[in-house]
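**Q** This is what each chain is made of:
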Amino acid sequence: MIGPLAVATHVLSLALAAWAFVEFFRQREPSRPLFAGLWLVEALVLVQVVALVVRLAGGGEPHGGDLVTLIGYLLTAVLLPPAGIVLARMEPTRWGSLLIGAAAVIVPVLILRLGQIWNG
Amino acid sequence: MADTPKPTGSTGKPLNRGFGRVLVFVYGVFALSASARAGVQIGTKFSEAPLAYSLSALAALVYIVATVALARSSATSRRVAWFAVGFELLGVLAVGTASLVDGKAFPDATVWSDYGQGYGYVPLILPFIGLFWLWRTKRHEPVAETTAAKG
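Which chain is which? The protein sequence lines are A and B, in order.
The first sequence begins at 1 in this note's numbering and counts up by one.
The second sequence begins at 1 in this note's numbering and counts up by one.
Errors might be hidden in some of the hints.
Here are a few chain A residues that face chain B, going by a calculated C-beta distance under 8 Å [to be verified]:
hint, residue
1, Val78
2, Ala83
3, Trp95
4, Leu112
5, Gln116
6, Asn119
No wet-lab data here; the hints were simulated from the structure.
Glycine included, every Cβ here is placed at the ideal spot set by N, Cα and C.
All chains, please: the whole structure from these sequences, using the hints.
**A** Okay, structure coming up:
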């Protein structure tokens, strides 16, 4: 688990969520930058996941939970932003913006749980 | 955006558009996380708390059914969604109360333990929102949400 990267993911993702919620309240459909923001969050999550997988391969072990749970959270964290993007693309209304906001709120929760499972 | 699908047998507003799409997403996340949790619990330590872990699996199943039913917007799936979301509400209230009364039966949190506290009480709020959405889309006249804003 890379600490600074996790912090960066939290900050970026929550800022994106705030922006998406503003767009939602302004009745705006999700703009290209919102989609790009969620892709960027996905990129950070992927780096984090690769780092964890490398440590697992190098003999590292989760301290606060079992391996299966960790893998479950890894998969969820990786799949969540693309799922949000696909659904938001199908919904070019204000609700698409809310969708991106929802995805951007859930990602930090997953990263937080990943950190807890890894670090104990 | 222009290609509005025909309401196939649906009685009211499509369940799966607008806010409904957000609801499907959130239900999907819960279906996934509840399934993963139940899978881990049953696969690794089922004998520790068979009741709680069976309820975990039941919760996962209910979330999956609710997600699929909300995502398809047919008359049948609407009925299924009423049942699934209603069951979800009963489940979170029953398991939430049971876990507070008899904590020993629930040593490891399920999605519904302590009214979904481990999940920020979202499991408690979600069925109310789901039932509200089902009720709201039931009406025949379009509920002017996005259209009214443009006018």
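**Q** Hint by hint, note whether the structure agrees.
**A** Okay, the hints, checked on the actual structure:
1. Val78: 12 Å, violated
2. Ala83: Because about 7 Å separates Ala83 (chain A) from the closest Cβ in chain B, which is inside the 8 Å limit, the hint holds.
3. Trp95: 5 Å, holds
4. Leu112: Leu112 (chain A) check fails; min Cβ-Cβ to chain B is 11 Å, beyond 8 Å.
5. Gln116: 12 Å, violated
6. Asn119: 18 Å, violated
Checked against the numbered hints above, the structure breaks hints 1, 4, 5, 6 and satisfies the rest.
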